[in-house]
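S.K.: Chains as they are written, first to last, in the working numbering: chain A, 1005 to 1421; chain B, 4 to 398; chain C, 3 to 373.
No lab work stands behind these hints: they were computed from the structure.
Do not take every clue at face value.
[As the list claims (entries may be wrong)] Using 20 Å as the maximum straight-line C-alpha spacing, the simulated SDA-like pairs for lysine to any residue come out as follows: (1) B:Lys47 x B:Glu11; (2) C:Lys39 x C:Gln257; (3) B:Lys315 x C:Gly6; (4) B:Lys394 x C:Lys39; (5) A:Lys1292 x B:Gln343; (6) B:Lys398 x A:Tyr1160.
Treat the numbers as computed from the prediction; the structure is a model and nothing was measured.
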Amino acid sequence: MDFRITPEEEAFRKEVKEFLDKELPKDWPGVDPDLYHEDAFDNIHEVSLAMQKKLAAKEWLGLTWPKKYGGHEQPLWKQIILEEEMTYRGSPGLDPYQFVGGMGDLLLDFGTEAQRMKYLPMMVRGEIKGATGMSEPNAGSDLANIQLKAELQGDYFILNGQKTWQSAAHKADLEPVYVRTDPNLLKHRGISIILVELKKTPGITMRPLEMMSGLKAFNEVFYDNVKVPKENLLGEINGGWKIVMAALSHERAYGVMLLINIRRDIDLLVEYCKETKDVDGVPLSKNKMIRNRLADVAIQQEIARNVGYKLNHLALTGGNVVSTANTVKILGGVTTQRVAQVGMQIMGMYGQLGPVGGNWRQTDPVKDKWTRLGGRMKHLYLSTVCNTIAAGTTEVARNAAAGALGCPREPKPAPKK
Amino acid sequence: MEFGFTPEQEAWRREIQDFLKDNPPEKFPTQSGEDSWGHGAFSKEFVRLLGQKGWIPLTWPKKYGGSERPNTDLMILFEELAWARVPWAAGAICWSMANTILDMGSEELKQEFLPGVGRGETILWLAMSEPDAGSDLLALRTTAIEQDDCFLVNGQKVWSSLAHISDYGFLFCRTNVDPKAPSWNAISILMLDKKLPGVTVQPMVSMLGDYFHTEVFLDNVRVPKRHLLGKKNEAVIHLNKTLEFDRFWARFPKPRFCQRITHDLVQYAKETRRDGTLLSQDPGVRTKLVESAIEIEACRQVLWSIGWKIDKKIPLTYEASAAKVLADDMGLRFFDRGMQILGPYAYMGEADKWGALRKNLRRWFLWTAGDSLAGGTSEIARNTMATTGLKLPRK
Amino acid sequence: MDFGLSEQQEMLRKTARDFFKTELPKTLVKELAKEPKGYRPEMWKKMADLGWVGLVLPEQYGGSDASFLDLTILMEEMGRACAPGPFLSTVVLGALTVLELGTEEQKKAILPKLAKGEIVLTMAIAEPHAIYKPDFFEVEAKHAAHHYTVSGTKLFVTDAHVADYIVVATKTKGGVTLFLVDAKSPGVTCTLLPAMFGERQCEVKFDGVKLTRSDMLGGLNRGKDYLERVMHRAAVAKCSEVLGGLEYVLEISVQYAKDRVAFGKPIGTYQAIQHHCANMLNDLDSCRCMTRRAAWMVSEDLPCALEVSLAKAWMGQASRRITALGHEIHGAMAFQHDHDMHLFTKQAVVAEASFGSSAYHGEVVAKELGL
């Protein structure tokens, strides 16, 4: 066991930090790793596109991918450091749907040569935005319940149905859509994955949904006789479930990203408490109850972060990530929520002030005069609600983690007579 | 709506407090240690005294030696006993079973047992759980086959609290051994005389190192037929009522008991310095005491509201389970905080003023771990709350 | 001990529930949240006609002589409905203050109109650096000749933007003095703050506002003790609102658990979900007992600092747990703005900070414990 960082890792991390110092706009408050800010605010989306191009220029997109597809064949630890630094600084641009356990990995593992040659180079060049078409109104936790139909007619699949909770879809160029190609097979045996070029394909309608935080950052997506060339089938027809499993295991990244990102908020709260004085002139950071709470939450984050390091290590050494990935997902959700709670408590009455999205719209000198931290804590409180639900609920994750520990599964209900 | 007490109730409270002042815990020998539910230690002598005062059968019909007083008076009594930390566990344990006898028993059975229980002279124990029948109580295997002149009992019980110093067991047994018989038509309750041949009681050493629970082995025990409680095979129909007594009444004193310990801890904090600071000014300690006070009172209020429902004869569904979950969860957190307040000093010897508190806290901290399992685990209790109370679908 | 509602309280509750069911669907609540005023004066008038605005006022001022406890039962229903509008401000902060501290002249001038729904009141207590800390007030009423001049900024004044009168707590030489200020007075500026959702918070600036002795409520330097009573009433009123909301949260969560199917079964069959519901139920029951006891004590005018703080502190944490579990049970559904759940999440988190946070009330409990 060795917790030291090598000189090469140190050097690369330094390089990424300097890149971000140089390329990010001044005083960048930081976006969250879930893409909701980017989806909701055009100016942030512009920064994201610009950063994506700059990352491409540094040859940091597709870092670990084979050179034959335009990738750079760099070691996985570099990818991990890149993800960490970008997340801590809240920099957009490294599209998770392509580069962090996203389509790139799926294409490399399951795609045809033609698909890889077509799509991977444009990803590496930073030319497109991604999304993922999984959830439906009746296929959330029970993902195998997917109903969106894809019928093979000649050279095309015809898609009909509906997806929901699709973040990033309205800005995306390409996404894998999880469809039902055979309704007669058992639930998870009739699923396929089809790559859809969203902007170029007619018949797709998006309806934006507003989140409780006020951000319009996800969509219902309706497919009405949408024709997609059969060459866009990813993997085997009706063989999609193993791709689903692979995709879900890649979601390891989400929990880790949440934990890295929330460190920025803890640091923000510490700064705030040092600078803000109570009625008696003493900084809040000297208030023992506040110290207690911040210390508590910093400890939780640090512990959870370390479980994240363990997960990275397992990924780097080819170990079994299932149980740890679930644990990290759970920890990511509950830790971020705890920080938000502490943040709101520290803010007191000030906690309720602020514009939608938090510290992105400090535009009104009159209305926002009393807002503190740009309303970041309010936004955090409202947005972290989904962290124990999205990308797998905490309840399901706990079941999976228990299963990985060896606990017996619940018996399936007896078939009805 | 009304949250105060009447002048009569306040007078009753003072009467109890005066009695307790004259009869402090130190005055009574005990046969077993203090629990963390506020029942105190097990003392036959103290319970006999309570019986003499007529306070055990307080709510019972007069014909069985009772005073027919309302439940509220019993609740006031329980709280005062818990605060004073007197050793009334022997009586506390009997209360729920006595109520079941009143509920289910024939006139003869009531006349045979209630006077003795009411005087504090007959101590009952609850013989329910078995090695393979804990949460799944209805899987119990102890049989009681009806003969011409008795029930022939064979089987084994476990977790029989204090059977080794009690007189009669409240024995849950299978009187219908037909494998097709549904559970609501197979189980009875027998009053088991411990002195009968074939009854062997073996104390179990708890993780505290003392004896509280026992295993009871039953080998061809001949229980007189008149000791059948209620109708044969119909005990399960009354099971809810029995469990209600156990879950609710047994937990009722717990919040008040925890308030007493909070009070003692506050005193401790006001008199103890650590690293130069008074513990009462240490924010970690303050927070723990405040959080405890708030949570304990919240639990206490709910238990009073359930007692009120019982008084008003409002049918209960989930309330007994809720009482158990609230009180036992609260206890787990409270005694954990108590240990944290004491810190490493929790393990110091007994010589000084606070020695007893430290020793007791160590005891209660360990003891309370068992509370959340007793009378049904908190997990099962939550399931019951969800299905019976909120009507969520069963599996 | 009696945990039941009286017949009148039951009737009040039923009437209120039916009224809000018809008049205030959640779609309207969300629409109103976007409007600057935040509520419909027509609905306010209806509530006044039902006798609700003047509920706790004596009959001689157009009220129904009901108790504070009765008022909290009504406010539970308002919380359940997420009813917007200046009810707590007008009735608890304003009307009760005028009733208790006002001269007969002041009472006659204000209360009947208030009961009829014709005027709105509020109270300005908190200041930017001194949230509910009267010893540190900077808004001062300076005495000169025959008048007082009030200057300074009050913050988090609920509903000031629609108030006709604002009761302002000022620092005077010997303590704290309350004044009843006409909101249209020269020098009074109200600015709406971008707050959480339905509740309207304002900054109110007093710039050399001229007042006389006849504008004083309760006399010179008499304000501090009264403020403590206001805080008790307002804290309990807030708890009552949140309580009503939380009851609804449990109802819809249980219903969703019965309706929503995943993996072939209603999700309410799964133990994790059942436990969430059971935990919500326990938290709800304890909130109800603690809130109603505090309300009864305030209503009976008994010393209740401890009980109010216990209730408010408990509500702060329990409401957070209940709303979080409500979201957990609903899954992604309730993360949408379209769903109703977030109305209650927001209501609860704002209430925790209002009229004393958990930390504030925790300190009160500490002192009452003798620490």
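S.K.: Now tell me, hint by hint, if it's right for this structure.
M.R.: Status of each hint after checking the structure:
1. B:Lys47 x B:Glu11: violated (30 Å)
2. C:Lys39 x C:Gln257: Distance of about 34 Å is beyond 20 Å: violated.
3. B:Lys315 x C:Gly6: With a Cα-Cα distance of about 10 Å, the restraint between lysine 315 of chain B and glycine 6 of chain C holds, given a limit of 20 Å.
4. B:Lys394 x C:Lys39: violated (42 Å)
5. A:Lys1292 x B:Gln343: Holds - the C-alpha atoms of glutamine 343 of chain B and lysine 1292 of chain A are around 17 Å apart, at most 20 Å.
6. B:Lys398 x A:Tyr1160: violated (44 Å)
Of the numbered hints listed earlier, those contradicted by the structure are 1, 2, 4 and 6.
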